[in-house]
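If you read the protein sequences in the order shown, they are chains A and B.
Going by the working numbering, 104 is the number at position 101 of the first sequence; the sequence numbering is gapless.
Going by the working numbering, 910 is the number at position 866 of the second sequence; the sequence numbering is gapless.
25 Å max Cα-Cα, derived BS3-like pairs, lysine-lysine:
no.: 1; chain 1: A; residue 1: Lys487; chain 2: B; residue 2: Lys889
no.: 2; chain 1: A; residue 1: Lys391; chain 2: B; residue 2: Lys612
no.: 3; chain 1: B; residue 1: Lys785; chain 2: A; residue 2: Lys133
no.: 4; chain 1: B; residue 1: Lys754; chain 2: B; residue 2: Lys156
no.: 5; chain 1: A; residue 1: Lys391; chain 2: A; residue 2: Lys353
no.: 6; chain 1: A; residue 1: Lys493; chain 2: B; residue 2: Lys879
no.: 7; chain 1: A; residue 1: Lys274; chain 2: A; residue 2: Lys393
no.: 8; chain 1: B; residue 1: Lys315; chain 2: A; residue 2: Lys487
no.: 9; chain 1: B; residue 1: Lys168; chain 2: B; residue 2: Lys272
no.: 10; chain 1: B; residue 1: Lys168; chain 2: B; residue 2: Lys1025
no.: 11; chain 1: B; residue 1: Lys816; chain 2: B; residue 2: Lys157
no.: 12; chain 1: A; residue 1: Lys508; chain 2: B; residue 2: Lys785
no.: 13; chain 1: B; residue 1: Lys168; chain 2: B; residue 2: Lys156
no.: 14; chain 1: A; residue 1: Lys393; chain 2: B; residue 2: Lys612
Note that these hints are calculated values from the structure, not bench results.
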Amino acid sequence: MKIKFILYSTLAVLLLAGASCSKSFLEVSPRGEVLESNYYQTPDQVFSAMVAVYNCTEAEAGYGINWYANKLAPLNAAADECWAGGGSSTDMMMYQVWNNYTMTPANAPSSKFWAMDYAGIYRANLLILKLATPVTGLADADRDRYIAECKTLRAYFYFELVRLFKNIPLTTEPISTADMYNVVQAAPEEIYTQIEKDLTEAIPILPSTLATTDNGRVTKGAAEALLGKAILFENNTSRMADAASWLNKVNTSGVYHLLANYKDIFDPGNKFNAESIWEISHSGTAQSQWGPSDFRGNVYCIMIGPRSYAALTDPVHGAPDGDHTYYSGWSFNPIIPAFAAKIHNDPRYKYTVADLDSLVAIGQAAYSGSAGYMNTGLFIQKHAPLLKWKADLGADALNFPNDVIEIRLADTYLMEAEALVRGSGDLVRAKTLLDAVRARVGLPSVPATLDNIYNERMLELATEGHRWFDLVRTGKAATALAFKGFVSGKNEILPIPLEEMNNTKLVQNPNY
Amino acid sequence: MKQTILTLLFIFCSLALSAQGLQVKGVVTSADDGQLLPGVSISVKGTTAGTLTDATGAYTINAPANSTLVFSFVGMKSQEILVKTSTTINVVMQSSTAMMEEVVVVGYGVQKKSVVTGAISTVKASDLIDMPVTRIEDALKGRTSGVTVASSSGVPGADATVNIRGVTSINSASPLYVVDGVPVVGGIDYLNQGDIESIEILKDAASAAIYGTQAAAGVILISTKKGKSGAMQVNYNGYVGTQAPERKLNLLNAKEYSTIMREAYIAAGQKIPADFPTPQSLSAGTDWQSVIFNNNAMIQNHEFNVSGGNDKSTYYASVAYFDQEGIVATDISRYQRTTVRLNSAHKVNKWLNFGNNVSYSHIKSKQGFSTNDYFGGVLASAINLDPITTVTQSDLNPATSPYATHLTSIVRDASGYPYSVSPWVGQEMTNPAAYIQTKLGNYGWSDNIVGNIYMEIQPIKGLTFRSSIGTKLAFWGDYSYNPIYFLSNTNSNLTQNSISRSFNRTLVWTFTNTLSYTRSFNNHNFTFMVGTEARDQSNQIGIGSTKNGIPVTYWDQASMNYSVDASKTSGWGYEDQPYTLASVFGRINYDYQGKYMLTAILRRDGSSRFGSNNVYGYFPSVSVGWVVSQEGFWKANDYVNYLKLRAGYGVNGNDNLSPFQYTSTIGSIGGYTIGGTNYTGYGPTAPANPDLKWEQTSQLNFGFDAKLLKNITAAVEIFKKTTTGMLMYVDIPEYVGASSKPWGNIASMWDKGLEIELGYNNKIGDLNYSIKGNASFTKNEITDIGSNDHLVNATMQSSAYEVSRKVVGQPMNEFYGFKYLGVFQTQTEINAYTKEGVVIQPTAKPGDYKWLDVNNDGIINDLDRTWLGNPNPTFTYGFTLNLEYKGFDLVAFGQGVAGNKIFNELRRLDIPGANYLNSALGRWTGPGTSNSYARLVYGDLTNFGVPSQFYLENGAYFRLKTMQIGYSLPKSLTERISIPKARVYVSGNNLLTLTKYEGFDPEIGGGQGIYGIDRGVYPQARSFMAGLDITF
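Use the sequences and the hints to build the structure in full.
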């Protein structure tokens, strides 16, 4: 009987133990992840959150999973500067269809721009919201600077979206679960109002210059330049003086000056140079590998490298120099010969165009296989994958260190000149600005007419992603891009991504 | 104690004295097969005197006159024989299974088959004996109704998609596997099929409710073999065989390819490249499939097992080795598995026993390429590469590009000739012979130790307490070497080699305690069972390391022991998120006279994966049965000999979601470089959903079991299964900006089905035969997908158009795309295809598809897509035929599906030069040539770049899975050499497949996302094997 008693007691205890300990047994904590409610509580955490906002600017690095992102490839393919290129007429369809203007909501590059820019907006909105609560150890000045950076970046993302899609939703705080499907598009004017508001609020707080360790963060000059540019893009003649005044602040700040050598602007050995106002940074040391990750290197470089390229040493001409020894790439964005002809006699041509056929002709290069689709023998030099910049570690394609300069001084000079001319402002200053850009490359003075300014933009900023926007905003796209099939009244903007129409209240852009 | 021994001694002595009577001798044989039975216990009733039969089944015993001898043997019915004189008594023992009730494993216990009320199918070891299957899932294929098994591919060791009673969830829900009472997570490929005693499939929710939140997709209970008391038995069973692809694709040969490509270039308005060969200059060209396929791939399996024991302890031990080469790119496709098992059970005294079931397996698996993936790998390359390019170059060092420019990195064959690089088909498609060279020596491995120990205490009659701890300790990893190579302009590694290793470990433990009590009185029979279970699955970690630029050239020289600079070494690691489960459950079984029966179950599961608002889920079920044929009013007749009606209802769950989805966590969401330093950015990974809980599946089941016309057994079931609150990513718009989508309990669906199992056995003279067949009809429909209009499944190559959708009112993943009315034969037809006078396809050319304007708005756009077919089979069936004639036996086993479509996405669309199936020869080439296959235009995607009915094919097939002929050596021979059993057999797998499908294999498993989509699936092998099964 005693044995049975012990036995039953043991059983009861075991059963009860199993049943009762379960609650605490089920309370587990995540590993390597912090609950959102426990984050944004130290200066380091706030910094990491801001890094995540900046992440959405580096389109060249493959935001999302292996979509060979970057805005330069599709924008260059859309303009009259380049073909889409690549391996075949169907390689990177989203570039091809912009190149041909056969875009549909299903195949356009829309979703990539859309996703990246809205991710940036959400992250900026969230951090601004979180910073409303004091963070222990974070000085007020630092907190204000983070907020100002978030606003500047938010303005940048909205500026991208409104230019590409025109009709877009506007939110300045995270969208709640309940409201997710009820969002409607705002009028473009509302978007521009928000952009101006954000930038105007940020400018007084942002620093004019940065410590080297802060290179890559936005400055007062960057925000002013973006504000001037945004007002210019609003295309309202009555506001040109406003645009000119903001751009003037940048151009006369004393922080920036034109580099003596045009080529040095794009040199990865010369990052954050005096001409660079807004620079999207990359790194060759991250050892990025293929896989579902974002890359710190610049993938665009390998994409525009000549396909099947091989360097040769010619008995007469010797080996190509370091600026003309490439890493074999995927031959996207070959330069259209007609465009090359327009800039051929300009001193900037050789720094803009990688003339592979000439290198082949003098025995310094060869095609080691079939050339790319729509090969013209002419490639982009400014971001070319030069062998000397290829990283030792990580996947070859993913670790080129080249930065992309979003806004540089020559651009703001030309924009201020344009705004002055269009706003009937100081035409003497307009000419001075235009001439400064030309004089840097040894070109003589020309009258500060709009045509001359636009022509200078084409020459100075070729293949840097500005041309398509310029053609559209100046109304020249229909003519200049007719040979590609541009349809007036439709192709000035991209279709809203097909996926984004699912279950939402969004309205598709006209004629798509 | 001392006293007891003395007493015993005294009794022994007195018995020995009194036993000085008669001498009885004889042999004992089995009634089943006439074999001599060693180890049969013979005792004199009422005494402790006794003996055992020897190895030849003979015995001698002394017994008093008029005493009774008791013959007993495990698994046999005991016999009592009165002895009057010294004599020879030969005894034939009857198998007790015929008398004893067959039992069915039901989860935390067993139940007599006659009183089972749920829908449980059983597959016995005897059905699987000598069947050369590589995985357990494969063994279930076509065996029982309601279970659809589709191999995910023919890759050696590949798993399979198992659906019990149709698709249960939008998620890839696979059944719960419970091996010897312990739920096993992470796959069951560690099991050696020869070790399996029985497999029970809990198909209905009423039966499966006992496994609560893990049971929604059904439960598969596997019992491994146990020892039997009696003499030691040693068994060897093994086979060796050869495998070959069952069929190849019909692709264009070089001449046809050149003809079609030239036509396509011209149609596209492009110049034909000057060096593109003319059809006249070509013959058949390269058959890339023959480069990758092996028509003589080896397969072998060998296993030894030993079993036996006495009335205190029994054991079963086995060691097995399985080795299968892949039929595709054999050098980089092979699966080897070694398993060891020890099961034992011990009886300490009349109230305590304990035991263990432990297995160890080592698996080495080479699979150097992906399958069912159009982004490369040898299968995709063999399908898409042009037949013009030769396998190797004829020069050792060709002066042409790319060979001359990549002298050191070009991949070469054994004689040093470079493998050719196709100038016409590029991107991810590479010469498969060269590709194989770059993946040599890469493999994955795993070590699994899976087992449990248990203890059972029976303090009083009918009451059993059982406590069991089951664990799975697994280690796995990869071994890879990446040489320097040049395969194509977009696939090369030119600067340095690298070597990588990874290592993972997990430990899962499950602690189960049950208390059950059985009581019978006045024909009322009760069993009560209550239990608790806790599981911890929180202990998975992994690390890996890569070294770049080690000083070797070939894979077989590569080693992690080479030192490289620290900057050339990289490493990684992870720890899996914790996951715990705590449960309480109970069950009541009741029957009256075995005539009326009832089972009721309740389980409460708590899961760490559920949201803070829903930590616990309750899963009840009830089922009833009625044996009509036992009723007084039932008149015995020759038509229906037995009839049992069953009905049940139950609720199950599915907690198959990632941890911490209920809350918003901060994770790494992309970084940025500031001041030259690479920073990682952190932010919320997805919005929170504290209401997140399990998916719930409820099921209503009606069925009957019957015996008809004496020889026919029949089981028929109908069911309706409803799944609600299906866990899925909430498809939130991108403008929300979240880094990833949150999980939600969103969708609902139902499955309805009818299942029939029939069996018939009889004998004609010496010929015994039996035939078993099963058939299932299942329908499935989505009834709710929340606020979504539809959910998108896998998209078609190079477009955002999805291949299939989930929509209310349609079956799961119904194919979705464009339909055509035909092919425009002339410009007149194009001009005549109008809507209110406006030409609908103004840019079309003769030979293009005439698309159906579904919404009748006069333009063809994304709104003109419609339903194209169902990827889920609606009818599945299987049959087994057994014949036995004297020593010969034959087993034929076939299985098939119908009612489904397959999306044939074999050709890579964004590679204009990709080869075609030779159905392309039937393309449109001029008025009247074809009204279903549009013209071919180089790089054109308007006709073929969108999902359309063009890509859909009938997925029905019937497959003769196995045909085996065996011969057992006659007793007269085997007895002389003391071998109880010796059987030789030859067997063929996948001998015949009847299908209209054009691809390699109509059997396409894989996850939900790609179910029914063929992107170059690794085909099943046709194999021939010869085997030997011998018992000592």
